[in-house]
Amino acid sequence: MKRFAKYALLTLAVTFVGFSLGFWYAQHSMGDGAAIFSQTLALSQYETLADLQYKQADTAHGTQAQLDLVNFMNLLEARQKIALPREFDYDRGRALMRLALLAEQAGNDPAFQKYLHDAQDSLDDADKKWYSEKAMRTFVTVADARSKY
Amino acid sequence: MCAVIVLGLALGFGVGFATSVVRTTLDLPFLANPDSTRDNFTSVFRAMNRLAAAEMTAASCGGRRGDPLPVEEYAIRAIQERSPAAGLNPPLDVARATLAVRRAMLAEKNGNSQLKTQYEETAQQLLQKSGWKDPSPDHLREILRRMDMEGQTCSAGAAKEGQSK
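Respectively, the protein sequence lines represent chains G and Z. Under the numbering used here, the first residue of the first sequence is numbered 500, with each subsequent residue one higher. Under the numbering used here, the first residue of the second sequence is numbered 10, with each subsequent residue one higher.
Please keep in mind that the hints were generated in silico from the structure rather than gathered at the bench. Watch out, some of these pointers could steer you wrong.
[Stated by the list, open to error] Some, not all, of what chain Z presents toward chain G, calculated at C-beta under 8 Å:
1) A12
2) G17
3) L18
4) G21
5) F26
6) T28
7) S29
8) T33
9) L35
10) L60
11) G96
12) P100
13) E159
[Unchecked claim] Have a look at the derived ranges for each label pair, beta carbon to beta carbon:
14) G:E632 x Z:R86: 38 to 46 Å
15) G:V516 x Z:E82: 43 to 51 Å
16) G:V641 x Z:R86: 14 to 22 Å
17) Z:G120 x G:R585: 27 to 35 Å
18) Z:V15 x G:F536: 30 to 38 Å
19) G:E632 x Z:G23: 56 to 64 Å
For each residue, glycine too, the CB sits at the ideal point set by N, CA and C.
With the rest of the complex left out, here is chain Z (with noise of 0.2 Å):
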């Protein structure tokens, strides 16, 4: 009788257990599909988890595990479309100019010059919507350095590995 006790509670507490860790593992905001709730908010709190999720990636690991910049771009689009309804207007053209300086930065990296120029005229236009004082590329790129700098979470090997490609 006893052993039939601890033995199902057992077995219903580890089902239990793990029917909750799947269930908020897929509800973590970064993960989860911001198109998939009707709610606004909720829709740009996700949307705004991914891109900080995908920012941090870019930053402390330059992208190399995985692309995050086409993150960056869902995530700004999926606010844009949402934030109005929501009642917010966040800086998106500032997000924008990341990402392009973000894409000049690889294009450099690739010897695209062309393409990395084309990026930096973009940032450089939504710098200066943006109201920017000093609204050069390289003004936001030395920003991006210092930051990237600041939230550097990538392991020690994935770093050194970016510092010699």
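Just chain G, same shape as in the assembly (with noise of 0.2 Å):
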């Protein structure tokens, strides 16, 4: 009797050490996989609906999205962990310079200035690396030819 709950003891226990590295084990593989998934599905949505108005809409409408695309982008960064950080500070970057243009057309040179250095310091998170204004133009006009709206 004594030996037989020993061994219903000792299965008990590893049944429970075994059960906490499956859960451990999935929860790191699968996770990271659903959370990346995640995030691209919900950014890129967010990100075809104020493309789309930047590049169809009125300034002010442009510049509107464009802002709440990045708002959402901080509430995001302030609430789950990053799966992929580098495309996402790409994203924002290409963001806040938009915004930067959109600032230049309506002729209001501090806005401009102020979304060129957000713009630049998200691609320096990116990239480690302080992109000159030029290749921040750059960088959006290339991203603007690819677009396909």
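Since each chain comes alone in its own frame, lean on the hints to assemble the complex.
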């Protein structure tokens, strides 16, 4: 009887250890994939709507949409661990540089300088490199030329 | 003794792995109900996931694998309800106009020209409100065609099936 109880207890203990290991392993393999998938999905949809506005609408609506996109990204970063940080910083840098160009179009130089600096900051986070104003302009021009809308 | 340890570990690992997989799957934002959370940002995030998934289905398979348009409508409504409290203001009229144009395309396919015109008028009004330089539904339709072609993720069989219809 004592021997049986010993084995039962041992089985229970190793099953618990196995459960924890299995749970942890799945969490680290599948959980990370799920985070990448869901963040990519939500961000791409938000960006599509904001970028459509940037390309198709007037300056006021375009600016509003890009500002909201940056706000969404900042809130996301504050609440979740960003699964693909480099791509995330690139996307934010592009949105900020678009805001800079919209401010320039509107003749708002202080806003242009601020957004340009923020965009350079975001790309610095991504690449650990400070891009010039000219490089930032090219960055957005190339992205805009590739866009399907 | 060794057999008990190995068997217990294997059994536990399997059950633990399966539990985590089921939990992760149920927690996937596009499957989780946006209304089931009190947190406004999480709700918007989940609804945006749903909208993206439905848009992908509508774009790549033309809605032949179930009708994704009611899902889009539900997601847009969920975002509208929770985004102000989350401090967000996404351009939802563009999403609504996209939905209206997709519905107009469906009505056209079904030969219902009256319904098609109705949806196109809705789309035009929404795009005008959104400040579009060219708010015509044809313009948005052309953009959607280019975007759908780029994001073609439907299987070759389903794509052919769609072309033949």
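Violated hints - listed by number, lowest first: 1, 9, 16 and 17
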